[in-house]
Amino acid sequence: MPAHIRQIYTRLFDAYGPRHWWPADSSFEVMVGAILTQNTSWRQVEAAIAQLKQHHCMDAATMLATPAEMLQTWIRSAGFFRQKAKRLHALCRFILQQGGIQTLRRQTLAVLRPQLLAVHGIGPETADSILLYALDKPIFVIDAYTRRIFRRLGHAIHPDRYHAWQQWFQAALPNDVALFNEYHALIVEHAKRHCRMTAQCNGCPLADDCPSAALSSVI
DNA sequence: ACCCAGGGTCATA
DNA sequence: TATGACCATGGG
8 MPAHIRQIYT
18 RLFDAYGPRH
28 WWPADSSFEV
38 MVGAILTQNT
48 SWRQVEAAIA
58 QLKQHHCMDA
68 ATMLATPAEM
78 LQTWIRSAGF
88 FRQKAKRLHA
98 LCRFILQQGG
108 IQTLRRQTLA
118 VLRPQLLAVH
128 GIGPETADSI
138 LLYALDKPIF
148 VIDAYTRRIF
158 RRLGHAIHPD
168 RYHAWQQWFQ
178 AALPNDVALF
188 NEYHALIVEH
198 AKRHCRMTAQ
208 CNGCPLADDC
218 PSAALSSVI
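Position in the first sequence (from 1) plus 7 gives the number in this note's numbering.
No lab work stands behind these hints, which were simulated from the structure alone.
Hints should not be assumed to be uniformly reliable.
What the hints assert, rightly or not - Computed cross-link-like contacts, DSBU-like style, restricted to lysine-lysine with a CA-CA straight-line distance of at most 35 Å:
#1 Lys-60 with Lys-93
#2 Lys-144 with Lys-199
#3 Lys-93 with Lys-199
Working from the sequences, and respecting the hints, build out all of it.
Now the structure itself:
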């Protein structure tokens, strides 16, 4: 029987401390980062965000008024730059149509989530990252790291779908924005240090419960 | 030269 | 529903 979700949280928090996520100067920047980081390492996203800021483009109205070809050159480092330029425009259009971020913030989770998922280029993880980290809504973000770590610990979720994983976490945890925020941030920190595709298990705070640590294998 | 990175969409069967 | 192709850069 693998360690419980709450025990794993405690171990991660004790090992890494509060993460102060999401790293950004504004809610809009969180949303932009959520799109730019799709299947891309955060390092590359930071460079793209710096470019957008340097060109005074880090607000919805300015970004929407900026030609996609221009955005492409600024976000090039984040990869998929043609797609992502369109997706950023779609995000801006949504924000402005809804009356701005302050208006969005007053909406409920149940109203916002379907609306975000209807925006071109926003799928489950991007939507939930925006809801949790930009709009302070209580929803647990599932990403590739989350599945990889918990699979290695022996938690097989069926069906192996985004929604099932999310329900599994939320059913075991109090409905708390701060907790969801911290837990996902800790998972990412842990994954970057210890649970990449090639396991680096030296000093791993979860090694006691991790079969792949004992076997030095890759799952 | 390869594999990977904080996904999502679209076409096809 | 379920798989596969595709998107594209930069680091290890």
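Taking the hints in turn, this is what the structure says about them:
About 18 Å separates the Cα atoms of Lys-60 and Lys-93, which keeps this hinted pair within 35 Å; it holds. For the hint pairing Lys-144 with Lys-199, the CA-to-CA distance comes to about 25 Å; that is within 35 Å, so the pair holds. Taking the CA atoms of Lys-93 and Lys-199, the gap is about 29 Å. The hint holds against a cut of 35 Å.
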